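Peer 1: So the sequences go chain by chain: L and P. Read in this note's numbering, the first sequence has 206 at position 206, and its numbers run on one by one without any break. Read in this note's numbering, the second sequence has 1049 at position 49, and its numbers run on one by one without any break.
No lab work stands behind these hints, which were simulated from the structure alone. There's no promise every hint is true.
In silico SDA-like links for lysine to any residue, alpha-carbon gap of 20 Å or less [claimed, not checked]:
hint: 1; chain 1: L; residue 1: K212; chain 2: P; residue 2: K1104
hint: 2; chain 1: L; residue 1: K377; chain 2: L; residue 2: G391
hint: 3; chain 1: L; residue 1: K158; chain 2: P; residue 2: R1062
hint: 4; chain 1: L; residue 1: K158; chain 2: P; residue 2: P1091
hint: 5; chain 1: P; residue 1: K1104; chain 2: L; residue 2: P367
Anything over 12 Å on all C-beta distances counts as not near chain L; from chain P, calculated [as the list claims (entries may be wrong)]:
hint: 6; residue: L1048
hint: 7; residue: R1056
hint: 8; residue: A1063
hint: 9; residue: W1078
hint: 10; residue: N1100
hint: 11; residue: E1102
Listed next, with one range per pair, are the computed distances between beta-carbon atoms [claimed, not checked]:
hint: 12; chain 1: P; residue 1: K1020; chain 2: L; residue 2: T210; range: 39 to 47 Å
hint: 13; chain 1: L; residue 1: T210; chain 2: P; residue 2: S1022; range: 35 to 43 Å
hint: 14; chain 1: P; residue 1: E1037; chain 2: L; residue 2: E389; range: 22 to 30 Å
hint: 15; chain 1: P; residue 1: F1058; chain 2: L; residue 2: K257; range: 45 to 53 Å
This one's a predicted model, so the numbers in the text were calculated from it and none came from an experiment. Even for Gly, the Cβ is constructed at its ideal location relative to N, Cα and C.
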Amino acid sequence: MALQPTLNPYIRSMSVVRQGARSFAAAAAKPKHETEDSQKSQHLFPRESLKTSTVGNVIVSSVETNKPLSRLAVYFRAGSRHESEEATGVAHALRIFSGLGTSGATQFGITRNIQFRGANLSCTSGREHTGYILEATRDKIKVLEEFLKDTTVEQAFKHWELSDHLSRLKLDRILRPIEARTLELLHRAAYRCGLGNSIYSPKYMVGKHTTKMLQNFVAENFASASVVAVGLPHEQVVEFAGQLKFPQKISEVQPQKYHGGGEIRKESGGQFAYVALALEGHGLNKPQEMLAAALLHRALGSGPRIKYGVSKGILNAATKDTPLESVASGFSASYSDSGLVGVFMTASHCCIEKVAKRSAEILQNPPINDDDLKRAKATLKADLVMALETGDSYLEEIALQNLHHKKFTSFEEYEKIIDSITIADVKKVIQGGKLTMASYGNISKVPYLDELK
Amino acid sequence: MAAKQVTKGSADLLKRWLFKTSRFNQYGLKSDDMINETDEVKEAVRRLPDHVYDERAFRIHRALHFCMLKRVLPKEEWTTVDDADNHYLTPYLNEVEKENEEKKEWAKK
């Protein structure tokens, strides 16, 4: 979602099928309203408003877009946070092994049926959620709902399929970008368990996830779910949600504790050192503080906003002496009841010490002036609005808010809160916080945490 | 009704007679150990859980050994026709066959 780390690797989409040609999508849909100039404005009707209802324990939301493409998704509150100690990495396994045989359909059948209709079925997951998304043209999606149902609540986890598809799990691990590895270490240092669990399976667990482990994980965590659709009438979505059989037991999730003062270092040589420093931020349960932390992130610097642009933020002071060999930007993450806000820096071996020390000073005592705050507010609003722009990000935004917050907060409500935040509020986010640090790469010159305070 | 019972009864008798005269049970083999290994059977065997596969391998190995020695197991250890898992492989084999059917159907399209 908008306020969680937006590095691509955090969203591992496994497309069960290749992206089919969708150029016939326009022909597939009929305009919802026939008006005089419906010839011209066939697909120019605005999005309708969000409709929400409850089916059993599950919140069902949908938005009718009057567009030819529909998206239907089921999101579960089952992520790496909910793994038990014996089943580390089972959330990663669940993501990789989605789309395999179910009690109603075979993997081959699911793949071919979806490909045949030019649709997409993918699975995405994060620290606190796993979502299965079906994208299809409006006229074909009814037939494919059955496969979404199979893939979500009727997975069989046949043991030979699990071992046959292990290479995909290994590939996913190999393709972890270094930034993701560093942030995983940071989460482990900051949270230890729960949110500290990595979204990637550890190496020693590859091949050790059994059918029983996956079934247990599903049985214990799939009771909390949200069904969302963008581009479908609400009645159809409610009917679909009614057909899904969710497990009954809603498991309790322990509140997440942030442990400051921790540090994890991983040597791996290479040219650069990657260091992440963080303080405790705030989660979705405290919107005002969460948005203040997000503003701090953007005031620190959130990357270039235009093509070939330069990142503007108060962290530029840390790298101004070595602009070609170092980069420092803010980062923040907001989960359901906790968050992180801090600095992510990459620097070559020789200058990381200075960059780290300066960044730590700036983070703990940020010199934010009115201009910085104004810029931060503008970028935060832009980010929040852009998260609602395309169908797929809107879908995920609604799903995650329903899942964690049980309701959807509109952009207008967030905007009001953002406008009311002052510099003092932003500085309060980090007051009295204890730093956590993670470093990866060529870290021989990276200062230890006690040298940074 | 009575006719049906007679046919059922005679099919059962035939099954038992065939089982006894083929004598593989005297080597301690189960019915599904004797299946001719086509590609589908090979795939089904691949899908067996590890312990079931190991037991099958052991029974076949022991049977070959007895064949070489020209002896059989003592009568108490013979497999009987009523053993529950005589057809342990059949569910897996059925699944493989169904999957192949599905692939053929799609190939026709």
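Peer 1: Hints first: check each against the structure and report whether it holds.
Peer 2: Checked hints:
A distance of roughly 32 Å separates the Cα atoms of K212/L and K1104/P; the hinted pair therefore is violated under the 20 Å criterion. Taking the CA atoms of K377/L and G391/L, the gap is near 24 Å; set against the 20 Å cutoff, the hint is violated. Simply put, K158/L and R1062/P have alpha-carbon atoms about 30 Å apart, too far for the 20 Å limit, and the pair is violated. Restraint check: the Cα-Cα separation between K158/L and P1091/P comes to about 13 Å, which is no more than 20 Å; the hinted pair holds.
For the hint pairing K1104/P with P367/L, the CA-to-CA distance comes to about 68 Å; that exceeds 20 Å, so the pair is violated. The Cβ of L1048/P does not lie farther than 12 Å from every Cβ of chain L; its closest approach is about 9 Å, which violates its non-interface assignment. Non-interface call for R1056/P relative to chain L: holds, since the shortest CB-CB distance, roughly 15 Å, exceeds 12 Å. Even its closest Cβ contact with chain L, about 26 Å, leaves A1063/P beyond 12 Å, as expected for a residue assigned away from the interface.
The claim that W1078/P is not at the interface with chain L holds, since no C-beta of that chain comes within 12 Å of its own (minimum 32 Å). With a least CB separation of 10 Å from chain L, N1100/P falls inside the 12 Å interface cut-off, contrary to its annotation. Distance check on E1102/P: its Cβ comes as close as 6 Å (rounded) to a Cβ of chain L, failing to clear the 12 Å threshold; non-interface status is violated. Between K1020/P and T210/L the Cβ separation comes to about 40 Å, which falls inside the hinted range of 39 to 47 Å.
A C-beta distance of roughly 38 Å is found between T210/L and S1022/P, which places it inside the suggested range of 35 to 43 Å. Taking 22 to 30 Å as the suggested C-beta distance range, the pair E1037/P and E389/L does not conform, at roughly 58 Å. About 52 Å separates the C-beta atoms of F1058/P and K257/L, a value consistent with the hinted range of 45 to 53 Å.
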